[in-house]
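**Student:** The listed protein sequences correspond, in order, to chains A and B.
Numbered per the working numbering, the first sequence spans residues 1 to 461.
Numbered per the working numbering, the second sequence spans residues 1001 to 1174.
Just so you know, the hints here were simulated from the structure itself, not pulled from any lab data.
It is possible that some hints are incorrect.
Just a few of them, taken from the derived set where beta-carbon distance is under 8 Å, the chain A residues facing chain B [as the list claims (entries may be wrong)]:
| hint | residue |
| --- | --- |
| 1 | I178 |
| 2 | A394 |
| 3 | S397 |
Some residues of chain A that are not near chain B, with every Cβ distance over 10 Å (derived) [to be verified]:
| hint | residue |
| --- | --- |
| 4 | W62 |
| 5 | V69 |
| 6 | G199 |
The C-beta atom is built at its ideal place from N, Cα and C for all residues, glycine as well.
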Amino acid sequence: MPPLDATTDRLNIFQRIRYSIFPGTYQKPIDRQRYRNLFNSLLLHFRPRVIPERTLNFNLTWGLGGMAVVLVGMLFVTGLMMKFFYQPVPDRAHASVIYLQDAILFGQLMRNLHHWSGNVLLLVVFLHFLRVFFTGAFRAPRQFNWIIGLLMFLLVLGSNFSGYLLPWDQLAYWAITICTGMLEYIPGIGTGLQKWVRGGVDIGPATLANFYAIHTALIPACLLILMPFHFWRVRKSGGLVIPRAPQEDPEDRGKSVAAIPNLIIRELVVAVVLVAVLMILSVTFNAPLEAKANPGLSPNPTKAPWYFAGIQELLLHFHPLFAVMVIPLIILAALLFLPYWRFDTDTAGVWFCSDRGRRMSMVAAVVALIATPLGIIADEYIIDFAAWLPAVPAVVSNGLLPAVLALACIIGFYWLMKKKYTATNNETIQSIVVLLLVAFIILTITCIWFRGSGMALMWPF
Amino acid sequence: MKKNIDMSTSETETSRRSFLNKLWIILGFVALAEFIAVAVAFLRPGKSKASPDSEDAVIIGGPIDKFTPNSVTAFVRGRFYLARLEDGGFLALSRKCTHLGCTLPWVEKENKFVCPCHASAFDITGNVVSPPAPRAMDIYAVIIENDIVMVDTGKRLKRNEFQAQQVIYPPKNI
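Generate the whole structure from the sequences, applying the supplied hints.
**Tutor:** As structure tokens, then:
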């Protein structure tokens, strides 16, 4: 059949333009069906044609991964909008933010959306990370996807951190002073690394330029590469982990249903609700903006952003080398190595591994809930290794020694749990993760709400 | 006529081919390393404007007699404090706390520098009186010429603690 030519037939100018853009629609109705299939296939790029019905359950994933994607999209769009007004020069940065908020229509909204999306994103990816861990969705064949996910988490953290400096207000300037100040404690490369990040010895125009490039170009580029890779790996590993009760067969994938419309509609609903919540937040609460940065005046207290508050609290108890480098690096290494550990059983798809795992996690949470505040108070008022052992250098008395003690307690806890519950190592490792997680949350809460002037402990009520 | 194409490469792979393949891969890594080295070198901060010999780095404090012994005077522009000790000697102390870089205020009532960030405290000589600061405050060179005190802020000197030779005394008038 000769191809239909939209130019020779008797068509008016509007029809000729339309069919030049959408040549397929000129075909007969039977080919429209092919176009619908093509569109569906586009939607289906990251989704299989059919999915196990049980993975549709909201309380399998709580839509956290999808929420993260929506939030990244929001950040890209609002960030791009703001790029037209923001000036990355110390003398003009603060003023340009104020100008954006006061003089530009929807400027305040853009900034608020960006601020809340950024903070909610960090929370969402953290919860997503916890969900993946507690449903055991990091074992083979999902091991490398866990690594990619951790990498993206670090990128999101870096993006929050670099964006924090951009308004160049008191909050930003001193938070970044402290955070880059910590780099100096890394042995050997520390001073050089700090100079590299700051673009010089002190924080100045070079620092702002660096952070601006990282925040608006480098990290978005990296995310744009890693995100599709991450989604593709989900698909390649057979989709989401199948939720099941501990005694059910892990091979049983259950009944399958069509992805369109069942999955798509659920994703759309989560996305729309999330955007609505963000809009409500953004319309109600303004993104903070303090006075322009004054290098001569450090505010009292100077607190890091909430996502670093836990590490800042750690700084108050350990020598900076340990709080900033040794402990975070050990935890990062453990997380990266986690999916490659030899586990006793296959618990993928079971929340908290098993009933025993559930109980052990509860115990770990309660132990951390009690031990961490006690430890903080003891270290604040009673313990003073540096004074008790004056002959020993501070990095040992205030760093290595308490770190080794803490590690001994954790190992002791592991051994106790294993003995008491005759648990599989899935369950004991999980209980250690819960222990450290709750401890870190307590540290974060302490730094944000229970520390006042001079970072002294205080009762906020 | 169907040809049986031998797809195995283990026995029949020529040593020349495998050598060249490996060579390409090695060269690829070398190229990657070069690219990374160029990127890192490019991103390193350039020469800062204030070199040690620069005229702007030297800040004029004032005549010697303007500073009473056992006093601390703040110089905002140079970002330092000029301390005159009880014995008349001068010390120029950098205002950055040696813990994590916050700006130290001089608290007259307590006769020490108290950091607002994590409560490190330093005395008038810059020595640490209260942790978590790891070392004494950094100092700048003090020059006394024609009875005028000047401070060279071009070079910041790190030190572990206060030592007597760090103090600059005005020349004794004969």
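**Student:** Beyond 10 Å from every chain B Cβ: check whether that's true for W62/A.
**Tutor:** Given that every Cβ of chain B is farther than 10 Å from that of W62/A, nearest at about 38 Å, it holds.
**Student:** For the hint on I178/A, just tell me whether its beta-carbon gets within less than 8 Å of chain B.
**Tutor:** holds, 5 Å
**Student:** Given A394/A as an interface hint, is its Cβ closer than 8 Å to any Cβ of chain B?
**Tutor:** holds, 6 Å
**Student:** Mind verifying the non-interface call on G199/A? Its CB should be farther than 10 Å from each CB in chain B.
**Tutor:** Non-interface label fails for G199/A: nearest chain B Cβ at 5 Å, not farther than 10 Å.
**Student:** Does V69/A sit more than 10 Å from chain B, CB to CB?
**Tutor:** Holds, because the least Cβ-Cβ distance between V69/A and chain B comes to about 29 Å, which exceeds 10 Å.
**Student:** Measuring from the C-beta of S397/A to each C-beta in chain B, is the shortest one below 8 Å?
**Tutor:** violated, 11 Å
Consistency with the previously given hints fails for numbers 3, 6, ordered from lowest to highest.
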